[in-house]
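J.: Given next are the chains, with one letter for each unit.
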Amino acid sequence: MENLTYRHKAKTRAPGDKPLALVGVVASGNLEVLVERVLPDTDCEVAIATTAKGFGDVWAAVVSDFVERRSPGGLRLSINDGGARPDTVALRLSQAVRSLEEGR
Amino acid sequence: MRDWSRDGTARDERVAAGRVLARGKAVHRDDAAKLLEALLKPGDRVCLEGDNQKQADLLAEALTRVDPAVVHDLHMVQSGVVLPEHLDVFESGIAKRLDYSYSGPQAARVARMLFGGKIELGAVHTYLELFARYFIDLTPHVALIAAVSADRDGNLYTGPNTEDTPTVVEATTFKNGVVVAQVNEIVDRVPRVDIPGDRVHFVVEAGRPFYVEPLFTRDPGAVTETQILTAMLAIKGIYAPYAVKRLNHGIGFNTAAIELLLPTYADRLGLKGEICTHWALNPHPTLIPAIESGWVEQIHSFGSEVGMDDYIRARPDVYFTGADGSLRSNRAFCQTAGLYACDMFIGSTLQIDLAGHSSTVTTSRVAGFGGAPNMGSDPRGRRHPSAPWLKAGREADPDAPAPLRRGRKLVVQIGETFGDGNVPLFVEKLDALNLAEKLDLELAPVMVYADDTTHIVTEEGVANLLLCRSPAEREQAIRGVAGYTEIGRGRDRAMVERLRARKVIQRPEDLGVDPLDADRSLLAARSVKDLVHWSGGLYAPPAKFRNW
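In the order they appear, the protein sequences are chains D and P. Take this note's numbering: the last position of the first sequence gets the number 314, and nothing is skipped along the way. Take this note's numbering: the last position of the second sequence gets the number 780, and nothing is skipped along the way.
Excised from the complex, chain P in its bound form:
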């Protein structure tokens, strides 16, 4: 007779081993490492909640202190590799294999450890892809998560940074896994229930706030005139003609500049109400002036942003908030929203090749992807029409019968032709390919594939790849906006002029963008302090952005 509940029995045994250290569900923080030793078995799949922002830092530190003779060869399945501890466990042999999405701050060390053979890499995923695999073949045995507070029953309040937690808990708990939550404090009654207590097995009171990575704050004081010019080109060359209302922005300075030009330049163009009304977006401080000027209908967020909590609380018509008044974010839902319900993704990148593939991986930094690949891809499962989507589809395939023609998501890569340290944005061969060769990977970590990229915007102009009819045209359209990089100077001038005549390439003068407008006085806010003023004092920027 087959036993159909072996997983449940194993879960009950793990929980029983942990209960020895607990009073109810509560385990003292000094016993956190002992708890993990009691719960974990060699080879377990473990999600150590490292999100884009929120970090289960106490549990991460505890995991580095377990005895590698007892707990070893763990398979870590987490979206963010952000804290040093996330990699320390690989140095000591506690963990062996890694499947992840994003590793911004640890990108250089991830690269070193991959080359040194310290990490066995599964894959670098897009967020939705990793979340999907939680339910198919990467289901965690144990999830170590973070929340703001818990009650005695284990009901959790995640606060504004809910992020990945509901997805991680759903996959773990309902497939006989064990969930351990670190919370800032244990309270009698949580402000709202983000995670029901019967999905949580153990709670560790940290006695301090979990670490949050401020990722989305861009100081308007650092926006350059070239970025302002590029932003004007994007607004006049893409936002206006496609009438893009539903969109996602990346986190770079180029899109921050666009946000700061909405109440000024875009207003002057009469675009208020015509563009940028509905967003899948983290609470970017640089969007405050546009919100305050009445541009924005609503915003759903992947996570929160440090310093934005009081502002969000005071603008519940714009943001998604709970009965307690604070933001409710959700990375899986917002990624889905960005994929299916937005007509445009626009973001920066580090390298673009001659076909239009784009990557943020270099041979010394394996940064992963963030939200770009899901937002910046054309969803083949989309069926609802919208004006920008239909227009883009028409441009790509003008001869197809309209009722059978797929629309196209606008996927825009924006940047200056030379990036930080005068490194060219355009390359013959992506570093991602060199990395794949060196590590013997079957697939190069490409952030946005060429066949998803529809437009490239630089200070030199807008290239509309939807209008290209051959790989040669596509290459020249890219070279045509690559400025004075090697790639740009290698352009076929005659062909670029022909593409310009067909509006495949549009220069500032073609779009009627005045170079004299490329001035910092055009920014709705010119400093972080200006953003605080726009918010009526509700935005409380982190210390490193307070320079007054």
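This is chain D alone, in the form it adopts within the complex:
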């Protein structure tokens, strides 16, 4: 098990009003993301617990692109990873942010 945490500044507050959401499942090749609106509007934190060791640089790249593209201001995302591929991680992160918008 490896634990990684990344903190970023976001351009804007994540849209929507929901306080939290959970997407994905913990399984081999998959991951679960808990997203909570608990930080100041310009902050974003991503905390990862992963079974696959040694992929810190890929996680850093995925998280950095995610913050740039989705601007998740105010969110803390907690990830339970079962060794998912980067494309699955990126998809789950964007799903987590979308899940906080109204009406979904």
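Be aware that one or more of the hints could be misleading.
Said to hold, decoys possible - Sample of chain P residues lacking proximity to chain D, with all beta carbon distances greater than 12 Å (derived): (1) 315; (2) 336; (3) 431; (4) 509; (5) 555; (6) 557; (7) 672; (8) 692; (9) 717; (10) 751.
To be verified - Covered by chain P, according to a simulated footprint, are these stretches of chain D (three or more residues, beta-carbon under 8 Å): (11) 247–261; (12) 271–279; (13) 300–307.
Stated by the list, open to error - When the alpha-carbon atoms are kept at most 25 Å apart in a straight line, the in silico DMTMM-like pairs for lysine to aspartate or glutamate are as follows: (14) P:735 x D:275; (15) D:221 x P:742; (16) D:228 x P:746; (17) P:504 x P:749; (18) D:221 x P:746; (19) D:221 x P:417; (20) D:219 x P:741; (21) D:228 x P:762.
If you are wondering where the hints come from, they were derived from the structure by calculation, not from laboratory data. Just so you know, even glycine gets a beta-carbon here, dropped at the ideal spot from N, CA and C.
Fit chain P to the known structure of chain D by using the hints.
T.: Same frame as chain D, but now just chain P:
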């Protein structure tokens, strides 16, 4: 005085030698190897019908049993190297040289035998290219073919898997060659005549069905959310803006996902009747929901697919069928249709380099090409206009005068940035180049050349290479959709953002594709069983796909 009919005389001698074993045209299956020994001469060019699907398996097995002292150094010219027997004949010296197109299941052994010097390779061809050479410089002396049934005169019924047979027989018989057909059974009257009997010299009754390789069945249960996302990007980023009506799909899961999104996602976008109406396509089970929902006008097929026969029979307005009601496929005609009459090819690949060359060859697997290179190439002989073709031509060369501007075929490579076993789709150097170096080949086996590739779609977005104006832009457009592979992480971020502003790269958020839609509930069928339900019970999937 020159003798102008030496070939005909030689053919008559071969046939006479074979007749010793025949009653009429029929030869008993126990005598099949003896028949081949009587017909074949060392160095002959032989087409042992190995198609993409249908296999002359009895004759293939018989050929492994001929005496190598009598029959040796054959030059095999066949599109598919599929059965172990197709390579066994090279181990024993019965065959020496090989010209072919596709070797899916035998890809690893072909690679080993090429490196071991057991096979002298002519070339790995595209289908139409090999068929063309049958009529110019690779005309078979003897063709060993497969059909469902024959009558006493040798008229053949090929059933739904006609595939390569008419082309092989045409080239062989009309140039003084000998045609031997294995058939499941000899009957009084064939259901329809696919091959006229005067083109067939010998018939061997196998007493059992020939082997058919099920190649086009993709289990919807195995479609991933990333593939669904990628499929949505393709539909919204390419199918819709170009209004692609006439097309061919590859056989991978990415295109299967697109087929399963037509009645759901594409319907929601209002695209029914606007896209995907006319197809050059094998009978893909995953297209059943779109057909049943009224999306599809017509489909011409290269071959058939295991389990689809009854469904096809019940949908004659959609498929090409004979007077007997069963599918009539034809690989040469369908490849031609895919080349000239389709506006788009979209398919998966194993490796894409920084220029956009694409290959399925790795140093341990020489799989050949399948239909992709003909479908996935821009036909320079095309002259009829269509909206997608003209739009693509305009994007590639906006300043040329319209009446003199060639259109462009849309050639789309689609895939996830990481494939099976987390192998990256994008590479600095294709394995095909390493193979060419090791085997001292003049030409690397490239499936789709960079100058034919117009778009690359991954879960990261759509790259439109038609809009690139320099090799540097092209490289960054490819890196820009290469995700977190080494290639993707090596991108020039500023240039990628400039390309995005010009819509050379379009991300999911640029196209308004909602990541929450990337869910298996969006698939029109989520299992093989769902496909059976959609077909009204007419689709009969092979046993390995029945998991209920």
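J.: None of the hints should be skipped; say for each whether it holds.
T.: Tested hints:
1. 315: holds (34 Å)
2. 336: holds (25 Å)
3. 431: holds (52 Å)
4. 509: Non-interface label stands for residue 509 (chain P): nearest chain D Cβ at 31 Å, farther than 12 Å.
5. 555: holds (49 Å)
6. 557: Per Cβ check, residue 557 (chain P) is outside 12 Å of chain D; nearest 45 Å; holds.
7. 672: Holds, since 37 Å exceeds 12 Å.
8. 692: violated (8 Å)
9. 717: The claim breaks: residue 717 (chain P) does not keep its Cβ more than 12 Å from every Cβ of chain D (closest is about 9 Å).
10. 751: violated (9 Å)
11. 247–261: violated (count 0)
12. 271–279: holds (count 3)
13. 300–307: holds (count 4)
14. P:735 x D:275: Cα-Cα ~19 Å, so holds.
15. D:221 x P:742: holds (18 Å)
16. D:228 x P:746: holds (18 Å)
17. P:504 x P:749: Answer holds: residue 504 (chain P) to residue 749 (chain P) is near 19 Å, not above 25 Å.
18. D:221 x P:746: holds (21 Å)
19. D:221 x P:417: violated (73 Å)
20. D:219 x P:741: holds (20 Å)
21. D:228 x P:762: violated (36 Å)
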